[in-house]
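Chains as they are written, first to last, in our numbering: chain Y, 2 to 330; chain W, 922 to 1289.
Simulated from the structure, these hints should not be mistaken for lab results. No experiment lies behind these values; they were computed from the predicted model shown. Where a beta carbon is used, it is the ideal one built from N, C-alpha and C, also for glycine. Incorrect hints may have been included.
Quick list of in silico lysine to any residue cross-link-like pairs, SDA-like style, CA-CA up to 25 angstroms [said to hold, decoys possible]:
{"id": "1", "chain 1": "W", "residue 1": "1184", "chain 2": "Y", "residue 2": "293"}
{"id": "2", "chain 1": "W", "residue 1": "1262", "chain 2": "Y", "residue 2": "242"}
{"id": "3", "chain 1": "Y", "residue 1": "158", "chain 2": "W", "residue 2": "1270"}
{"id": "4", "chain 1": "W", "residue 1": "1184", "chain 2": "Y", "residue 2": "104"}
{"id": "5", "chain 1": "W", "residue 1": "1270", "chain 2": "Y", "residue 2": "155"}
{"id": "6", "chain 1": "Y", "residue 1": "11", "chain 2": "Y", "residue 2": "64"}
{"id": "7", "chain 1": "W", "residue 1": "1184", "chain 2": "W", "residue 2": "1261"}
{"id": "8", "chain 1": "W", "residue 1": "1262", "chain 2": "Y", "residue 2": "64"}
{"id": "9", "chain 1": "W", "residue 1": "1184", "chain 2": "Y", "residue 2": "85"}
{"id": "10", "chain 1": "W", "residue 1": "1186", "chain 2": "Y", "residue 2": "245"}
Covered stretches of chain W, as calculated for chain Y (at least 3 residues, CB under 8 angstroms) [what the hints assert, rightly or not]:
{"id": "11", "region": "1097-1108"}
{"id": "12", "region": "1134-1142"}
{"id": "13", "region": "1177-1189"}
Far from chain W, some chain Y residues (derived; all Cβ distances over 12 angstroms) [said to hold, decoys possible]:
{"id": "14", "residue": "18"}
{"id": "15", "residue": "47"}
{"id": "16", "residue": "55"}
{"id": "17", "residue": "102"}
{"id": "18", "residue": "106"}
{"id": "19", "residue": "129"}
{"id": "20", "residue": "144"}
{"id": "21", "residue": "160"}
{"id": "22", "residue": "175"}
{"id": "23", "residue": "190"}
{"id": "24", "residue": "194"}
{"id": "25", "residue": "224"}
{"id": "26", "residue": "249"}
{"id": "27", "residue": "268"}
{"id": "28", "residue": "294"}
{"id": "29", "residue": "328"}
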Amino acid sequence: MSASPLIEIKDLRIRFHGDDGRITHAVDSVDLSVANGATLGLVGESGCGKSVTSLAIMGLLPKQSAEISGAIRFDGFDLLTTPDQTLRDLRGNRLAMIFQEPMTSLNPSFTIGDQIIETILRHRGGSRRSARERAIELLRRVHIPSPERRIDDYPHKLSGGMRQRVMIAMALACDPRLLIADEPTTALDVTLQAQILELMRELKAASGAAIILITHDLGVVAEVCDEVAVMYAGEIVERAPVDELFSAPQHPYTVGLLGSIPRLDHRAEQLATIEGMVPNMAQPPAGCRFAARCPFVLDACTRLPPPLVEVSVGHLSRCIRAPLELLVS
Amino acid sequence: MALLEVNALVKHFVARRSLLGRALAHVKAVDGVSFSLEAGKTLALVGESGCGKSTVSRLVLRLIEPDAGTIRFDGRDLLALDAGALRAFRREAQIIFQDPYASLNPRMTVGQILTEPLALHDLVPPARRAERVAELLRLVGLEPRLARRYPHEFSGGQRQRIAIARALAVEPKLIICDEPVSALDVSIRSQILNLLRELQDRLGLAYIFVSHDLAVVKHIADHVAVMNLGQIVETAEADALFAAPRHPYSRALLSAIPLPQPKAKRTTVLLEGEIPSALNPPAGCRFHTRCPFVIERCRSEPPALLADGTGHATACHRTAELPSAAAILPTAGGFSPALAKLVAAFSQKAEGTSLAGVGIQCAASATK
């Protein structure tokens, strides 16, 4: 990994102010960094703050209701204080995003060619003809068959897998340095998912872009990520190189997640379950946010919020009982 | 005798009509599907979007009428039942849907939702219904006092429990589970899967488990049928299928599942191209457009589903010649020794702190 990361998030906090005056703590003290060419997996269940974090990076959170503090340093900018005009120059250019729903993120009234060409002209300028050529080239790169014909199709004529390829082509249009992929394969069938994951690996190798992959699927993480951050109730509870996270997790929540997935490579009579519910984020608990569901809980856990500490080199855990090996030896 | 026997089931939907209402095009949703299911066992129907697995499950309940074929349930010919007999049959076979947000009436309390089937089939005298509702809620790991609440006050996993309780209300022999955990978070998913297994053991239920997720299927099924474009391409005991999948499509499906094991050594069979439309399925073998092992014969002659001595059936001309599937199978030992110990400790302690199955009873604390 290179010394200076491509993107560095410091102490990111996001609070949403509801109409009824309630404040939801969506993200709390998140620190993250991704090096050039690396892939970071951001993992967690619904409502853990993983998508909100990515929207904050893209500057896409509503200004009226979202209160954001901290810093997001990217390419010499602090994205949180960058003026809108500059952000618009960055988005779709050096900073690109793929969403889960390829059906809703393409405009149904323009051809896919128009939509890719618009991105190219907006950021790169040049003639429409050269932009069209580049668009065809991009569609070819994401393995769309006969791209010179497909480019004039409207989104409804494409299948789900094809639409997701178009979204990826569009995201790649200006050779982004950072690509954020928010559940890019969740809406797809498994054989298509395998194709898209293969495509992402291919593109990563070819372009050297950094990727933040947001997903709830630990299998997808294991296949494409170099490093993983596990989020729970708005916080990062564990961060580790991918091999370490899967072989020796250091946070009980990660242990519970890994134990609860049915797997092809392991036979479990009974799957692990994580009892209880995610805490109410309008009033987050005083101590560890996972304490109420944690089988290894101590009194001390509920008193003070645990810090994210390094258990071994590059492996961080927000659990005062780490290293967890000591609990079972 | 099998609880359910389905033979040569066919369902074509009209996709386009002429000006005069004549059918011009058909979606061949289900095209000659046969299987049987023993009481107390689980059959998984596996396949990708549009393969007809959900249509089969609806045909089995006669929620839609088949164009051809027979369905025998407990010895009775389902397709011959009149309205009254059909209603009686529905006591014995129930269904749970994927989306627990859409399958419960938002204007009814949980108590009302669970009382409805009791009243409809007149199973329990009115005075004892509240008691039966409480019993059903306990059975699925919810507290009886929650009967007064409305569906919106529950999380997705809890709603799925309510849907299961509703299905259990009529004491069925068969429950069709149509992607019952696909919409749920991973930790909730395991709770529901454990619950379904526990209920099966306790009540002797048979399940038809419709899913696209082979890892989930491996965990829950006794028998598996893999479907592609309206037909079963392979069917076998679950252990046999996962140990040695034969049909190229089953292999591709199995190998496409990402393993939660970063250094997993196995080959992924990447299928080229898109899933063909059931509106105009390819001639010959319906998988031939995407099959890596295709030969000329596959393009013209549809393969029959042929069983070997063990009951492992495959619809492929090249079954005997295909290479071993060993390379695409995940190597065992996905759990490192450290992880195995941690997971065991996690489960053990979790069980100690809450009574098994009854630990998830409080409704979402965020709802007031």
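Now the hints, each set against the structure:
no., hint, verdict
1, W:1184 <-> Y:293, "violated (33 angstroms)"
2, W:1262 <-> Y:242, "holds (20 angstroms)"
3, Y:158 <-> W:1270, "violated (53 angstroms)"
4, W:1184 <-> Y:104, "violated (33 angstroms)"
5, W:1270 <-> Y:155, "violated (55 angstroms)"
6, Y:11 <-> Y:64, "holds (20 angstroms)"
7, W:1184 <-> W:1261, "holds (17 angstroms)"
8, W:1262 <-> Y:64, "violated (47 angstroms)"
9, W:1184 <-> Y:85, "violated (43 angstroms)"
10, W:1186 <-> Y:245, "holds (17 angstroms)"
11, 1097-1108, "holds (count 3)"
12, 1134-1142, "holds (count 7)"
13, 1177-1189, "holds (count 10)"
14, 18, "holds (16 angstroms)"
15, 47, "violated (5 angstroms)"
16, 55, "holds (18 angstroms)"
17, 102, "holds (15 angstroms)"
18, 106, "holds (19 angstroms)"
19, 129, "holds (30 angstroms)"
20, 144, "violated (9 angstroms)"
21, 160, "violated (5 angstroms)"
22, 175, "holds (27 angstroms)"
23, 190, "violated (4 angstroms)"
24, 194, "violated (7 angstroms)"
25, 224, "violated (5 angstroms)"
26, 249, "violated (5 angstroms)"
27, 268, "violated (8 angstroms)"
28, 294, "violated (8 angstroms)"
29, 328, "violated (6 angstroms)"
Checked against the numbered hints given earlier, this structure breaks hints 1, 3, 4, 5, 8, 9, 15, 20, 21, 23, 24, 25, 26, 27, 28 and 29; the rest are met.
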